[in-house]
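First residue of the sequence shown: 1, per full-length UniProt numbering; consecutive thereafter.
Read the hints as simulated data drawn from the structure, not as lab findings. Check the hints yourself; a few may be wrong.
What the hints assert, rightly or not - Listed below are the simulated PhoX-like cross-link pairs for lysine-lysine, each with C-alpha atoms no more than 25 Å apart in a straight line:
#, residue 1, residue 2
1, K269, K287
2, K283, K71
3, K298, K260
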Amino acid sequence: MTGIENQTGTAEAQSIFTSINFLPNLTSLVFPNLLVHTTEGPVLGKQEWSPENRFYRSFRGIPFAQPPVGKLRFEPPQPVPYWWGVRLATNFNNPCLTYLFWITLGEEDCLYINVFTPGSSELANSEGLVPVIFWVHGGSFYSGSELQRTLYLPGTFIDRGVIFVSFNYRLGPLGFMTTDDAVIPGNYGAKDMVAALYWVQRNIRKFGGDPNKVTLLGQSSGAVSAHALTLSPLTTGLYHAAICMSGSMFSIWGVKPRGKRIATEMAKKLNCPNPEDSNSILKCMRKKSGAEVVKAMKTFFYYGIRYAMPFGIAIDSAAAEPFMPQHPLQRVQQRAAENIPMIFGALPEETKFFQH
């Protein structure tokens with residue numbers, strides 16, 4: 001992890017802490033508002049320029065949850081301890097671990113958020129706060145965060161005067177595998193999304209954003225996720241509008257059945273003992289490296305689109321805090337969703353990737 005932790009006991013650590021604390025004082029004189037005190041600790045961003053040559057501030061690679069490793073694998077996201085000193089937020093951090101095109105990419109330590117805020121905006125309210133776009137990337141629930149630093153960039157939104165927030169969430173089996181019971185109820189990646197939304201509510205005002213004007217924006221599996229966030233009991237009051245492009249919870253691949261079957265196949269691929277037993281699956285998969293776990297996904301890449309997308313939002317009613325306690329149709333019928341403006345659309349070449 002980058003940044004300065006709360007280190008004491010050595011002269012060297014004290015020297016580093018003193019010098020890094022001097023840096024923001026100097027920087028804030030040259031580039032105002034690049035130092036932001038989040039609820040988890042201070043971060044230092046940088047100045048950039050949009051495609052239309054507008055100044056904006058970028059803050060990249062801010063942790064919003066603890067690294068989900070060790071005993072935190074297959075657990076909901078946990079809060080980040082406060083850090084002392086200043087954390088540099090000038091570069092994207094790790095994408096989430098996945099197995100893509102026969103290559104292992106990313107790291108398990110990947111729960112980071114990025115904030116891009118315009119230097120000025122005609123959309124600012126009387127307090128000077130501007131609307132926020134909360135981007136949920138797509139990628140069939142097993143890829144996409146590796147594109148945050150190359151494809152999903154903020155320029156278009158910055159030039160229209162809104163804050164753009166992007167973030168990583170756990171992917172593939174590490175984020176969405178389930179045994180359809182309380183042992184591995186699933187939806188860990190979805191709960192990462194919830195944790196990121198809570199981070200926005202706690203902190204976005206400090207970046208000049210309006211916490212009362214947060215719009216969810218997702219494409220493909222990100223659209224399914226954005227729609228799922230509007231139906232979850234865990235997200236009340238965290239957003240105020242949603243745009244879903246080429247996907248919804250009502251897509252045929254929106255809700256994933258047969259979770260235990262897929263988990264069992266994964267366990268067999270990993271040579272886990274007693275692969276039919278949920279507790280054995282959990283114990284075994286926590287002992288494996290993250291790379292081994294995600295690589296086992298290739299078992300499902302040969303059976304067409306429905307099996308090439310083996311993971312996604314699950315009905316996790318057995319969880320201590322369910323993200324999706326009922327089928328989304330039931331949630332809608334019971335009027336469990338908040339009454340907010342929503343746009344659903346389709347992208348004309350959404351499935352071209354799957355044709356080749």
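Hint by hint, here is what the structure shows:
Distance restraint check for K269 and K287: the Cα-Cα separation of roughly 14 Å lies within the 25 Å cut-off, and the hinted pair is therefore satisfied. For the suggested pair K283 and K71, the alpha carbons sit about 10 Å apart, so the restraint of at most 25 Å is met. Straight-line distance between C-alpha atoms of K298 and K260 comes to about 17 Å, which keeps the hinted pair within the 25 Å bound.
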